[in-house]
Amino acid sequence: MKVKNIILLPLFLLLFGVAFIPVVAVSAQQPTPSDDEVNAIARQLYCPVCENTPLDVCPTTACHQWRELIRQMLAEGKSEADIKQYFVDYYGARVLSEPPRTGINWLVYVVPPVAFLAGAYLLFRAFQTWKRLSKEPFTGADRSSSPGTEPETAKGSGIVEDDAYVARLEEELKKRK
Amino acid sequence: MLAQFGFGVFALTFMLAIFCVGAAVVGYFDKSDRWVEAARRGMLLTFPLITLGVLTLAYLLVTGHYELQYVYSVTSNEMPLYLKITALWGGQAGSLVLWSWLMSAFASAITLRKWERDRDLLPWVVVVTSITLAFFLSLTILYENPFARWWQTAGGDFVPRMFAPSGGIPVSPADGQGLNPLLRHPGMIIHPPMLYLGFVAFVIPFAFAIAALVTGRSDDRWIRLTRRWTLIAWLFLSLGLVLGMRWAYDVLGWGGYWAWDPVEISAFMPWLTGTAFLHSVMIQEKRGMFKQWNMLLIILTYALVIFGTFLTRSGVLSSVHAFAQSAIGPMFFAFIGITFVTSVALLIYRWKDLHAEVEMHSLFSREALFLLNNLLFMGVLIVCFWGVIFPLISELVTGQKVTVGPPFYQRANGPLFGALMAIMGIAPLSAWGRSTFKTLGRALWKPSIPSAIVPVVLAILGVHNWIALIGFALVAFVIFVTLFEFWRGVHSRQNNQNENFLVALWQLAGRNRRRYGGYLIHLSMVVMAIGILGIELFQTTTQKTLAVGEEIQIADYTLRFDSLAQFPYTDGRIVTRAALSVFQGVQYLGNLYPRYDYYPASGQPMTIAGVRSTLADDLYVVLVNWENVSSAQAPFKVYHNPLVNWLWIGSLMFIFGFLVAAWPERDEERWEDKK
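Protein sequences, first through last, are from chains A and B.
Residue numbers for the first sequence follow numbering that gives the first Met the number 0, so the first one is 0 and each next one is one higher.
Residue numbers for the second sequence follow numbering that gives the first Met the number 0, so the first one is 0 and each next one is one higher.
These aren't lab readings, by the way, just hints derived from the structure by calculation.
Certain hints may be false.
Said to hold, decoys possible - Some, not all, of what chain A presents toward chain B, calculated at C-beta under 10 angstroms: (1) Pro53; (2) Asp55; (3) Val56; (4) Leu68; (5) Ser78; (6) Asp88; (7) Tyr89; (8) Gly91; (9) Ser96; (10) Ile103; (11) Asn104; (12) Val107; (13) Pro111; (14) Leu122; (15) Trp129.
What the hints assert, rightly or not - Partial selection, computed: residues in chain B whose CB lies under 10 angstroms from chain A: (16) Val250; (17) Val262; (18) Leu370; (19) Val382; (20) Pro405; (21) Ala411; (22) Gly413; (23) Leu536; (24) Phe537; (25) Thr540; (26) Lys636.
Even for Gly, the Cβ is constructed at its ideal location relative to N, Cα and C.
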C-alpha cells in the first residue's frame, strides 16, 4: 500500500496544484466546508488504494488527501455529483460503492432477483405437483416413529403425538375457560 | 532440529491420510473389515501426530525461534505469553495448521463412535475426512510451511526455505515483527478458532451424506447420526461471526460491526446454507421429504466452507481481512471444483432413490413454510455469492474492477431478512401435514394484534422510518408468538400436572428441548435484530476538530475535550490518549478515553474507540489519528449507535438457546445405547 501511496502522491499533488489557484480565489468568499459535509460525500466513495474501505474512515495518508480534495471541491462550489464523477474519471468505477448501471454491470442487479424468482417459480410448480399427487386422505401418520427417530418429546412421539400434544394443550386451555 | 521434526511429523501425517483413503476404498470394495479397520485406526492416529506438530510449533513460537519465518512474522520479544501461543493461528501458515488439527480431532472423534449398525458408512466417512485433511496438510507441506527458516542467499537476499538453498547461509534474527496489532484483541484471538471449529464440524455431516450416497442408503440415518455435529458446527460458526463483528466494532474504529466485506460474507455463506439445512433436515426426519434437497444443501455448505477458507487465505479478493496473500489459490480452486462436481454427480446418480416418502399436502403446513424459509436463505445466499464474485467477473471481462458495497447487500437482503422474520413468527403456529389458511389464521390473529400495536406506538413516539416500523413490528410478532407458545405449554402443564409456573416451564422445555431451544434461538435472533435495526437505521455521526475545552454535540449528548496525553507502553507501543467529559443536558455522565496505539516495530497504528454503552445506545468516540493531532487540538469522530447492545445480548441468548436445544435427551441416549 505504501508503494502505491508513493506513486499516487505526485499524482495528487499535480491535481491539487492545478486546482489550487482558482480554489484560493473562491475559498476567500465561501466558508470552509465542515468535516461532516466532507464525510457525507466521502462515505459514498471507496478508497481507490485500499479496497472495500469507505473514504470517510480510511486511515491512510492518501485518503486524508482525497478528503481534503473533496473539501476543496466543495469550497469551489462543486456539487456532490460533480465530485463523485471526478473521482470516477480519475480512478475508475471502483470508487463507487456500487457498480454504475451500465453495460455488463447490469448483471449484478439483474441476476439475484431473476435467480430468486426462478427458485420461487420452481417451488410453486413443485407445490402444485404435490397437491395433485396427494389425493388420498391424510392420516398424519406418514412416517413410522420410534423413540430413536423422534426424540422431540421425552416419550418419543411422532408427528401424530406431536400434533396431538398441541391439540391436547388447546383442549385443556378451552376447558379452563 | 525441532523445525525439521515438526515438518517431518506433518509430512508423515499427510502420507497417513493418503493411506487412510486407500485403505478405506480397498476395504469397501473388497468387503474387507481388516482394511476398513486399518483406515479407521490410521485416522485415529492422525490426531496425536498433528498434535505433536502443533505442540512443536507452539514451543518454537513461545521460545522465540525467530530463525523461522513464521515465528518471526507473528511474534516478538515484548509480546505476552498468551499472544505468543495464540499467534499459532495469527498468520496464514498457522491457521492452515489449525484447520488440519481440528479436522483430525473431529475425524478421530467420529471414528471412535460405535459403528456396528452403520459399518457400511464408515469407510466413506474416513475417505471424505481423510481427503479433506490430506488437502490441508498438502498446503502446509508444499506452500505454507510454518517451519521454513530464513536463509541469506549468495545474492544477499533473505528467503524462507525448509532446506538450504545453494550457497545459502542460515540467518537468526534477534527479534520478530510481532503479531499484527489489529489481531491483538480477545475477540480476534477466539474468532478464528470458533469460525474454523464451525467450518470443520460441517465436514462431518457432509462426510456422512457422501457415505450415504455412495452406499445407496436413502434413509435419514446420516442426518440423525450427525444432528449434534450439525448443531455444534452451526453454534461455532455463529459465534465466530458474532465475535468477528465484536472485533470489528471494538478495533477497526469505524463505528460499525459489519461492512459487507467479501471475507465477512465468505464466512456468512456457509452459515446461510447451514441454517437452511438445520431447518430442512427436520422435514426429512418428520416427513421423509426433501432428501435430495438436504443432500444438496450439505454439499453446498461443504463447498462454501472450503470456498470461505479459500477467500480468506488466498488473498484472491483484496479486503480489510486480506492480511495474508499466497500462492495457494489454484490448489484451493481445483479442490473445490473436484469435490463439488464429484458430490453433485453422486447426488444425480442417486437422485431417484432419494424420492420423498410422502407428498406435500398444504401450502400452509409447517413443511411448506420451512421450504419457503429455505428459499429465502437461498435468496440471501445468491445475493451474497453474486456480490462477492461479480467484481472478479467484471475484472475478467472488462478489465475494470468494481466495488459491490453495503448499499447493494442492504437493498437486496433487507426484504429477504424481513420475510425470514415473518416466517419465524408464522411457522411455529402451523402444523405438520395438513394446515389450512383458516387454521393458521386462527392461530395467528392473537399474536398479530399486539404486534400491530407496536409500530403504532412507535409512530406516535416519533419514529417515522417505515423500514423501522415494519422491522420492529416483525420483531414484536416473533417475540409474541414465541412467548405465546411458551405460555400455552406452561399453562397446560400447570393445569394438567398441577405444577407451579417455574416447574412447568422447566418440564416443558426439558421434555421438548429441540423445540423450545429452537424457540429460544428464534428469540435471540430477533433480539439481535433489534440491535441491527437500531444501528443500521438510526446511527448518526459527526466529526470536528476540537481545541481543549471545546465541545461537540451528538443526539442529546455533549462531549467536552479535556486533555490529550502521549506515552510509551510496556509492550513497546506508543499510546496517544484523549480524555473527554460526557454530558447529557447538564448532567455529567463520565469520561471517555479514545486513543490510538502506534506499534513502531510493524509501523502500524490501531484506533481504539472510547465507548459509553447502555441498553439504549452506545456513544462511540474515535480519535481520528490520521488527521492533525496535538495537545492543544485534536479531531474527533463521534458515533451515536442506538440499541446496538441488543446485538450482543442476543448473541448471549443464542448460546443459552443452543444449550437447551442440543443438551442430550435421556431417552435419545438410551435408544442410541440400545443400538
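Hints, one by one, checked against the model:
| no. | hint | result |
| --- | --- | --- |
| 1 | Pro53 | holds (8 angstroms) |
| 2 | Asp55 | holds (8 angstroms) |
| 3 | Val56 | holds (4 angstroms) |
| 4 | Leu68 | violated (15 angstroms) |
| 5 | Ser78 | violated (20 angstroms) |
| 6 | Asp88 | violated (13 angstroms) |
| 7 | Tyr89 | violated (14 angstroms) |
| 8 | Gly91 | holds (6 angstroms) |
| 9 | Ser96 | holds (4 angstroms) |
| 10 | Ile103 | holds (6 angstroms) |
| 11 | Asn104 | holds (6 angstroms) |
| 12 | Val107 | holds (5 angstroms) |
| 13 | Pro111 | holds (5 angstroms) |
| 14 | Leu122 | holds (6 angstroms) |
| 15 | Trp129 | holds (4 angstroms) |
| 16 | Val250 | violated (12 angstroms) |
| 17 | Val262 | holds (9 angstroms) |
| 18 | Leu370 | holds (6 angstroms) |
| 19 | Val382 | holds (5 angstroms) |
| 20 | Pro405 | holds (7 angstroms) |
| 21 | Ala411 | holds (6 angstroms) |
| 22 | Gly413 | violated (13 angstroms) |
| 23 | Leu536 | violated (16 angstroms) |
| 24 | Phe537 | violated (16 angstroms) |
| 25 | Thr540 | holds (7 angstroms) |
| 26 | Lys636 | holds (8 angstroms) |
Comparing the model with each numbered hint stated earlier shows that hints 4, 5, 6, 7, 16, 22, 23, 24 do not hold.
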